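Colleague: Listed below, chain by chain, are the residues.
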Amino acid sequence: MRTLYPLILISTLALTDSVNAEWAKRGDLKFQFQAFTDTALHTATQSSNLSVSGNAEFNREIGENGNLTISPFFRVDQHDDSRSHVDLREFIYRHSGDTWEVNVGLGKVFWGVAESNNIVDIINQKDAIEGNSPEHKLGQPMINLLLLKDWGEISLFVLPGFRERTFASKDGRPRGFSAIDTDNARYESDNEQNHIDVAGRISGVINEWDLGFHVFNGTAREPLISFIDATPFYYQLTQVGIDVQATLESWLLKTEAVHKSGSRINDHMQLVSGVEYSFYGVAESDIDIGVVTEWLYDDLTDQANTVFQNDLLVALRFALNDEQSSEALVGVITDLDGGGDLFSAEASRRIGDKFKLQIEALIWANADNDPFLGQFQQEDYIQLELGYFF
Amino acid sequence: MKAALLTSATVALTLSITTPSYAQTAEERGLEIFEQVSAQNDGFQDSTASMTMTLINRSGKKSVRRMRAKTLEVANDGDKSMTIFDEPADVKGTATLTYSHTKEADEQWLYLPALKRVKRISSKNKTGAFMGSEFAFEDIGSQEVEKYTYKYLSEEQLDGIAVHKIEAYPTYKYSGYTRLISYIDQERLVSLKTEFYDRKDVLLKTLTLSDYVHHDDKNWRPARMEMINAQTKKSTILEFSDYKFATGMTDKDFSSNSLKKLR
Numbered sequence: 001m002r003t004l005y006p007l008i009l010i011s012t013l014a015l016t017d018s019v020n021a022e023w024a025k026r027g028d029l030k031f032q033f034q035a036f037t038d039t040a041l042h043t044a045t046q047s048s049n050l051s052v053s054g055n056a057e058f059n060r061e062i063g064e065n066g067n068l069t070i071s072p073f074f075r076v077d078q079h080d081d082s083r084s085h086v087d088l089r090e091f092i093y094r095h096s097g098d099t100w101e102v103n104v105g106l107g108k109v110f111w112g113v114a115e116s117n118n119i120v121d122i123i124n125q126k127d128a129i130e131g132n133s134p135e136h137k138l139g140q141p142m143i144n145l146l147l148l149k150d151w152g153e154i155s156l157f158v159l160p161g162f163r164e165r166t167f168a169s170k171d172g173r174p175r176g177f178s179a180i181d182t183d184n185a186r187y188e189s190d191n192e193q194n195h196i197d198v199a200g201r202i203s204g205v206i207n208e209w210d211l212g213f214h215v216f217n218g219t220a221r222e223p224l225i226s227f228i229d230a231t232p233f234y235y236q237l238t239q240v241g242i243d244v245q246a247t248l249e250s251w252l253l254k255t256e257a258v259h260k261s262g263s264r265i266n267d268h269m270q271l272v273s274g275v276e277y278s279f280y281g282v283a284e285s286d287i288d289i290g291v292v293t294e295w296l297y298d299d300l301t302d303q304a305n306t307v308f309q310n311d312l313l314v315a316l317r318f319a320l321n322d323e324q325s326s327e328a329l330v331g332v333i334t335d336l337d338g339g340g341d342l343f344s345a346e347a348s349r350r351i352g353d354k355f356k357l358q359i360e361a362l363i364w365a366n367a368d369n370d371p372f373l374g375q376f377q378q379e380d381y382i383q384l385e386l387g388y389f390f
Numbered sequence: 001m002k003a004a005l006l007t008s009a010t011v012a013l014t015l016s017i018t019t020p021s022y023a024q025t026a027e028e029r030g031l032e033i034f035e036q037v038s039a040q041n042d043g044f045q046d047s048t049a050s051m052t053m054t055l056i057n058r059s060g061k062k063s064v065r066r067m068r069a070k071t072l073e074v075a076n077d078g079d080k081s082m083t084i085f086d087e088p089a090d091v092k093g094t095a096t097l098t099y100s101h102t103k104e105a106d107e108q109w110l111y112l113p114a115l116k117r118v119k120r121i122s123s124k125n126k127t128g129a130f131m132g133s134e135f136a137f138e139d140i141g142s143q144e145v146e147k148y149t150y151k152y153l154s155e156e157q158l159d160g161i162a163v164h165k166i167e168a169y170p171t172y173k174y175s176g177y178t179r180l181i182s183y184i185d186q187e188r189l190v191s192l193k194t195e196f197y198d199r200k201d202v203l204l205k206t207l208t209l210s211d212y213v214h215h216d217d218k219n220w221r222p223a224r225m226e227m228i229n230a231q232t233k234k235s236t237i238l239e240f241s242d243y244k245f246a247t248g249m250t251d252k253d254f255s256s257n258s259l260k261k262l263r
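Protein chains in written order, with my numbering: chain A, 1 to 390; chain B, 1 to 263.
One thing to keep in mind: the hints can contain errors.
[To be verified] Derived PhoX-like pairs (lysine-lysine); straight-line CA-CA distance at most 25 angstroms:
#	chain 1	residue 1	chain 2	residue 2
1	A	K25	B	K119
2	B	K260	A	K25
3	A	K354	B	K260
4	B	K92	B	K116
5	A	K354	B	K92
6	B	K261	A	K126
[To be verified] Which bits of chain B does chain A cover? Going by a derived footprint, with three or more residues having C-beta under 8 angstroms, they are:
#	region
7	87-101
8	124-137
Hints are computed from structural coordinates only; laboratory data are not their basis. Please read all numbers here as calculations on a predicted model, not as lab measurements. Here a beta-carbon is modelled for each residue, glycine too, at the ideal position from N, C-alpha and C.
Use the sequences and the hints to build the structure in full.
Modeller: Here's what the structure looks like:
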């Protein structure tokens, strides 16, 4: 993390001339309150937590074909020193040709179509301490060549430099019984964080089908966690996968599938597949209701390095389409092998023109028999977040 | 018949211009005028504009949205268009890309800047409120002649302007309207007013288009559109500014990758 400070200093200096309208800006400042409804079964005993986070994106043209994006992020947390952190989500220069594009720097990339878990989305490390949303990603050092075709695009990546996943410290919540020992991460590659990863993706659209195919070779983003001392182990991974979405009027059919192999893991396949159906303008109102269901599967079953080895998501999405853009999503992920349920609810509503209130709740239930989920049974929380946007 | 008219008095000749053919049905005449309206609209190649949308609720309270729109003309099919949101701030940078089609369903993508995600979305939802306004998606989408059938009603005067009153029936089965009555300026061939009738055939909304500007001596564009909901008494004013035409944009400016490069 410390290596980031010079970059943040540079970006701060670069932004001092941001007053000259050359920079396009957007961002937010969010105040977060979390209430934990149960007493923890570990050392972090707080029943509530306060924190503040900020996110900004500055963008400017450089010459005729160049463009620079700088996105700093910070959070200051009341209890968890690991959660008080800074990052550069992006510090990336883009040069655009007519049929190609080169991106160099710290970048952020999204791959995938699913709602519950984007297993194909492997370029960036998750800033997992921030929460489960796919927007929380650490800036990834990259050299990216994008070839633009009539039918879609080919995107090639060289990824020098690895970012370790963030986890709650012993003072943070929610977490399992033992805090992950991030100070003693181990690697399969002798080059550790300096291993150079490569990846490529071909994607395109054929009528109602959006298709993607990718390959990745390098350090796995998701570590194996030692049962003995809770240290993360980052193994070398070869992954191939597809993501497919069919958009058929009110139906969206979505599938992500990956095959993972490496010398330190058993070859296996993961799948997230499901449908989303939307009812538009329910009962002559402006309200839309979407029903989402997805099956999450891992053929390693018992040894799977995921909680989603055979799980089903069922969720309802509400969009009021009112002046305040009020929205809600409620759902449950059920372990079909009887390992427990995870209930979640989130809702948001704009207040005035500059503010937005978000409410989120997570409840783990019926997980007594599951060694992983069971650890979170006492970690249920409700979160309130007030964001100021600019 | 025509030959007889041509040899007759000037009065009859004038009559033949406003009523071109006796054999033409009301349906054909309605279609013909909308084709002329569409032709008047065509040939701009591409355009960009800034939009300010003011939502006014029943008690008169206002809230404002700002957007930018880009459109690319596509020969023999619907246009490609992009809408980029600037205000309110929480949706800043969000953008939509639409390929409208005359025959098949439109294709539509949504860009979410916080996730850097381009998401394909269903284009079926035509009746939904655009940004909580009184404009439905089908009101602001690309208006293709083929998306309606027509019936000529009458010639009328609207605020001292001679207009064609024409009824249009959406061919799209999920439209929120049974019919639309449009008032077309006979001279400039632009729409001045449209009345929207809901699925129960009750007047739902009235759209008034005004402050038309003639761009490059070719295309008329309204600088102001006001939609009043007759049932809820809410209204939305949509104002356009900074119109630019033939800026040289191509298909590449309307790709899903281009959504990520907007600023």
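Colleague: Give a verdict on every hint.
Modeller: To see whether the hints hold, each was checked on the structure:
no., hint, verdict
1, A:K25 x B:K119, "holds (23 angstroms)"
2, B:K260 x A:K25, "holds (15 angstroms)"
3, A:K354 x B:K260, "holds (24 angstroms)"
4, B:K92 x B:K116, "holds (13 angstroms)"
5, A:K354 x B:K92, "holds (11 angstroms)"
6, B:K261 x A:K126, "holds (23 angstroms)"
7, 87-101, "holds (count 7)"
8, 124-137, "holds (count 7)"
Violated hints are absent here; each numbered hint is respected by the structure.
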